[in-house]
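There are 2 protein chains.
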Amino acid sequence: MKLPEKTVERLSEYRRTLLSCIAKGKTHIYSHELAGIHNITAVQVRRDLMLIGYSSIKKKGYDTQELADVIGALIDHEKGLNVAVVGMGNMGRAITSYFNGKRPKLNIVAAFDVDPNKVNRVIAGVNCFHMKDLLEISKRYEISIAIITSPPDSATQVAEQLVSAGIKGILNFTTIPLNVPDTVYLEEFDMITSLEKVAYFVKTKDE
Amino acid sequence: MKLPEKTVERLSEYRRTLLSCIAKGKTHIYSHELAGIHNITAVQVRRDLMLIGYSSIKKKGYDTQELADVIGALIDHEKGLNVAVVGMGNMGRAITSYFNGKRPKLNIVAAFDVDPNKVNRVIAGVNCFHMKDLLEISKRYEISIAIITSPPDSATQVAEQLVSAGIKGILNFTTIPLNVPDTVYLEEFDMITSLEKVAYFVKTKDE
Chain R
1 MKLPEKTVER LSEYRRTLLS CIAKGKTHIY SHELAGIHNI TAVQVRRDLM LIGYSSIKKK
61 GYDTQELADV IGALIDHEKG LNVAVVGMGN MGRAITSYFN GKRPKLNIVA AFDVDPNKVN
121 RVIAGVNCFH MKDLLEISKR YEISIAIITS PPDSATQVAE QLVSAGIKGI LNFTTIPLNV
181 PDTVYLEEFD MITSLEKVAY FVKTKDE
Chain G
1 MKLPEKTVER LSEYRRTLLS CIAKGKTHIY SHELAGIHNI TAVQVRRDLM LIGYSSIKKK
61 GYDTQELADV IGALIDHEKG LNVAVVGMGN MGRAITSYFN GKRPKLNIVA AFDVDPNKVN
121 RVIAGVNCFH MKDLLEISKR YEISIAIITS PPDSATQVAE QLVSAGIKGI LNFTTIPLNV
181 PDTVYLEEFD MITSLEKVAY FVKTKDE
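So the protein sequences, as listed, match chains R and G.
Using the working numbering, the first residue of the first sequence is number 1, and each one after it goes up by one.
Using the working numbering, the first residue of the second sequence is number 1, and each one after it goes up by one.
Keep in mind the hints are simulated off the structure, nothing from the lab.
Treat the hints with caution; some may be incorrect.
Repeated chains share a single entry, so a pair holds when one copy, or any two copies, can fit it.
Only pairs whose alpha carbons sit at most 30 Å apart, straight line, appear in this in silico DSS-like list of lysine-lysine [as the list claims (entries may be wrong)]:
1) K59 / K205
2) K118 / K6
3) K24 / K118
4) K132 / K2
5) K139 / K60
6) K2 / K203
7) K102 / K203
8) K58 / K118
9) K139 / K102
10) K205 / K79
11) K118 / K59
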């Protein structure tokens, strides 16, 4: 079964909340609590969990650890997946520091750049390699996902190099929309949209 | 009329595409082209534009400049809104450089930190002030939106200070979920979800 994108998004968000509940010692959560935190209806939460075959709600609500594990078994890769960051400017460094350690099944294992001041150094905890070694390093480190944080004018070329190197999933942080073959999953990540949403609702609050 | 969140999100995304068409000299676009770029149906695109009262489709498709302007008039604040970034670590600097200049109606005009090495300096093109001056600077610069990129353990306190200073919209880049009064619009921004989506579709491609 392949889940719809929006369902995967919500499951990932539920798990984030469940992990934060677990960290706080909260062992159970009701569907309406989960719904409230995510600004959706309890019906939506129950429908999502039904879709993944999870229905073991108790009087006290869902078991937070059990549900986090069920979601993990479904969305995580069993052995974990290795990730590379391409472009170690401010954004690349920020993202690497932010991600690493957050999810045991997703690890940023290498970085790439073309700047001689960055190549062959450890930056934000990972080895930074030259882009010309992308193919070799990707194979050696079994990298299947790449995050593009390069300057916009090189994004298209970087994407082509990643596809040639056998990368299967790309998260694009640049403002340039990319085109990749159907065999590669692409997620475009746009911070401007998030800020524009905030601005719209601030504006309409005034009205 | 207050538009639903998802509609605002899509309108912002359409505009990003329209602006990139305009930059490339493309004067018209069909609903099915817009739909294809955003991985949705042409019916969805037409429904969104009908909702905002835009139906002037020509034989050649929508006029890219006209549609970008219509969306702008709807989602942008007429005079523009001023934004502050709280926390000038890697993420704060990356976001400031990324945003500024992208949208004329949204400007990052100030930054805040508590680190004496950052306060009273210009970082990523904006003045960095001490958090203790938040209220005064927010008023002076007419700041209505804040982006939180502080360390996670200070996020809750930062959010409280922002609310007290009269900030009306918050974009939270930390991994800590925040609670704010109903008078403040909060957008939680989670990069992990985007990466987990990519990982899920990479995994299911293998299957």
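Consistency of the hints with the structure:
no., hint, result
1, K59 / K205, "neither (39 Å within a copy, 38 Å between copies)"
2, K118 / K6, "neither (37 Å within a copy, 40 Å between copies)"
3, K24 / K118, "neither (39 Å within a copy, 33 Å between copies)"
4, K132 / K2, "neither (35 Å within a copy, 50 Å between copies)"
5, K139 / K60, "neither (47 Å within a copy, 47 Å between copies)"
6, K2 / K203, "between (39 Å within a copy, 10 Å between copies)"
7, K102 / K203, "between (35 Å within a copy, 19 Å between copies)"
8, K58 / K118, "neither (53 Å within a copy, 51 Å between copies)"
9, K139 / K102, "within (24 Å within a copy, 37 Å between copies)"
10, K205 / K79, "between (47 Å within a copy, 15 Å between copies)"
11, K118 / K59, "neither (55 Å within a copy, 51 Å between copies)"
Hint check: violations occur at hints 1, 2, 3, 4, 5, 8, 11; the rest are consistent with the structure.
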